[in-house]
Amino acid sequence: MERKKRIILCSNTAFSLYNFRFRLARTLKEKGFDVYLIAPEDDYAEKLKKEFPFIPLRHLERKGKNPIKDLKLFLEFLRTYSKIKPDLAIHYTIKPNIYGSLAANFLGIPNIAVITGLGHVFISNSILKSLVVILYKLAFKKTNYVIFQNSDDMNEFIKNNIISKEKAKVIYGSGVDTERFNPEFCKDISENSIFKFLLIARLLWEKGIKEYVQAAKIIKSKYSNVEFRILGNFDKDNPSCVPREYIENLHKEGIINYLGFSEDVRPFISKSDVVVLPSYREGLPRVLLEAMAMGKPIITTDAPGCREVVLDGYNGFMVKVRDVESLVEAFEKVLNSDKKTLKQMGYNGRKLVEDKFSDEVVVKQMLELIEEILRKR
Numbered sequence: 001m002e003r004k005k006r007i008i009l010c011s012n013t014a015f016s017l018y019n020f021r022f023r024l025a026r027t028l029k030e031k032g033f034d035v036y037l038i039a040p041e042d043d044y045a046e047k048l049k050k051e052f053p054f055i056p057l058r059h060l061e062r063k064g065k066n067p068i069k070d071l072k073l074f075l076e077f078l079r080t081y082s083k084i085k086p087d088l089a090i091h092y093t094i095k096p097n098i099y100g101s102l103a104a105n106f107l108g109i110p111n112i113a114v115i116t117g118l119g120h121v122f123i124s125n126s127i128l129k130s131l132v133v134i135l136y137k138l139a140f141k142k143t144n145y146v147i148f149q150n151s152d153d154m155n156e157f158i159k160n161n162i163i164s165k166e167k168a169k170v171i172y173g174s175g176v177d178t179e180r181f182n183p184e185f186c187k188d189i190s191e192n193s194i195f196k197f198l199l200i201a202r203l204l205w206e207k208g209i210k211e212y213v214q215a216a217k218i219i220k221s222k223y224s225n226v227e228f229r230i231l232g233n234f235d236k237d238n239p240s241c242v243p244r245e246y247i248e249n250l251h252k253e254g255i256i257n258y259l260g261f262s263e264d265v266r267p268f269i270s271k272s273d274v275v276v277l278p279s280y281r282e283g284l285p286r287v288l289l290e291a292m293a294m295g296k297p298i299i300t301t302d303a304p305g306c307r308e309v310v311l312d313g314y315n316g317f318m319v320k321v322r323d324v325e326s327l328v329e330a331f332e333k334v335l336n337s338d339k340k341t342l343k344q345m346g347y348n349g350r351k352l353v354e355d356k357f358s359d360e361v362v363v364k365q366m367l368e369l370i371e372e373i374l375r376k377r
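Take the sequence shown: its position 108, counted from the start at 1, is 108 in UniProt numbering, and no numbers get skipped.
Hints in this document: simulated from the structure, not taken from any laboratory. Careful: at least some of the hints might be erroneous.
[Stated by the list, open to error] Here are the simulated DSS-like cross-link-like pairs (lysine-lysine), alpha carbons at most 30 Å apart as the crow flies:
| # | residue 1 | residue 2 |
| --- | --- | --- |
| 1 | K5 | K29 |
| 2 | K196 | K339 |
| 3 | K65 | K4 |
| 4 | K85 | K47 |
| 5 | K376 | K364 |
Since the model is a prediction, treat every value here as computed from it, not as a measurement.
Work out the full structure, taking the sequences as your base and the hints as a guide.
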């Protein structure tokens, strides 16, 4: 009896495999593949183990820059892949993309790299960026496909000669579960009560936190019936992390309402009127897609990744990057719109997700690539 084809899905957290790759993993399993999930162990590992073989990565440090530890990670990939003998490996996030791809290529294993965003490394022009570019070039030399969540990131890689055009594909995100994120979960747009804007993000400066706060101050000086909310965690390991005291002081002053962090954003989206992300750059902003799926208008920037999800005046408003005045203007457009207009924007956003960004659409596109690679093997 012929053994089933084996596919590895690898990321830098079990959390991301569970929350963003689970639909793909389940679909592959339903189609008769043996699916192995690989990531450092965290609270979500147990959930993964209930349905799939889970192999913990012991030497992956997300923010670590120690070459000795990264060498250990590469050797760990070699050992793991030699043991599993997969027919295909799919890597997500920077270290699996580099060291997992290198190991797969060394062993002659077909592989796909998924670039989920370029992060602060690519925003800066640092020595670290130059090093990462070199590592990516080495890692992707024999990789079958490199998938991007937006065309700006893809063009950046092609421009830097990291990959050829033939290897590059754009697939919009990891897909949104349109049943879980549903307008029926939502309260209606506020009427004769406080209008609520909500920013959901890791609390990093490049998410546009400063611009959001400055715009909030201006709007609150003109309008009394408006509230600016922030939901998100402090990523202390990130050099761009916003200081906790900064947010707490703004909360005390009543400029923003800091809601803390929650793994389930739906109740917070439901109780807000418009979801905002004034980010400098994204892969594809999942939180905006989730808000759109729940029928909420959005405000975001004309930045890579962000501009992909908003049609100005159709499902929300697009503002300039790092521009407080532009953000204030968008807030005022929303506040001066009637309930019917905002509801239509929310409906339009939901339709966009169903047509272009749902997990059903994304998984179908991934399956087509996977089947193409395995046919050639």
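Given the proposed pairing of K65 with K4, does the C-alpha separation stay at or below 30 Å? Given pair K65, K4 is violated - Cα atoms ~38 Å apart, limit 30 Å.
Holds or violated: K376 and K364, Cα atoms, limit 30 Å. holds, 19 Å
Hinted pair, alpha-carbon criterion (30 Å max): K85, K47. Please report holds or violated. Roughly 24 Å separates the two Cα atoms, so the pair holds.
Given pair status - K339, K196, alpha carbons within 30 Å: holds, 13 Å
Do the alpha carbons of K5 and K29 lie within 30 Å of each other, as the hint requires? holds, 10 Å
In terms of the numbered hints stated before, the structure departs from hint 3 and from no other.
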